[in-house]
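Q: Sequence:
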Amino acid sequence: MTAPLGYNEATLRGGHLPGVVNVLWADNMRSDRRFKSPSALRDLYAAHGIGLKADVVTCCRISERSSVTWIFLTELLGYENVRNYDGS
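Per this note's numbering, the very first residue in the sequence shown carries number 1; after that it's consecutive.
Take every hint as true, because none was put in to throw you off.
Cβ-Cβ distance ranges computed for the label pairs, FRET-style:
{"id": "1", "residue 1": "87", "residue 2": "39", "range": "26 to 34 Å"}
{"id": "2", "residue 1": "37", "residue 2": "80", "range": "20 to 28 Å"}
{"id": "3", "residue 1": "71", "residue 2": "46", "range": "17 to 25 Å"}
{"id": "4", "residue 1": "54", "residue 2": "29", "range": "16 to 24 Å"}
{"id": "5", "residue 1": "51", "residue 2": "17", "range": "15 to 23 Å"}
Keep in mind that the hints were calculated from the coordinates and are not lab data. Source: prediction; values computed, not measured. For glycine and all other residues, C-beta sits at the position ideal for the given N, C-alpha and C.
Sequences are here, hints too, so could you generate the full structure?
A: Written as structure tokens, this is what we have:
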């Protein structure tokens, strides 16, 4: 597979935004590949310092996993300030 015309992968660079907390996608899953319970997810995000009032922006490579994380946080756990970075 090739990159779309005009897309220059050389312009990509690694980095870290100040204040960012990385919660791995796999950490949302149980060992049997099912999603964790709401209480386990609540504990997971609390352990990373992400409380209900936190300002959260989810992102991933193609917004596939981050959109599911957005659903977990907003619809299942009741977080109020969550956005999904669609350009990720």
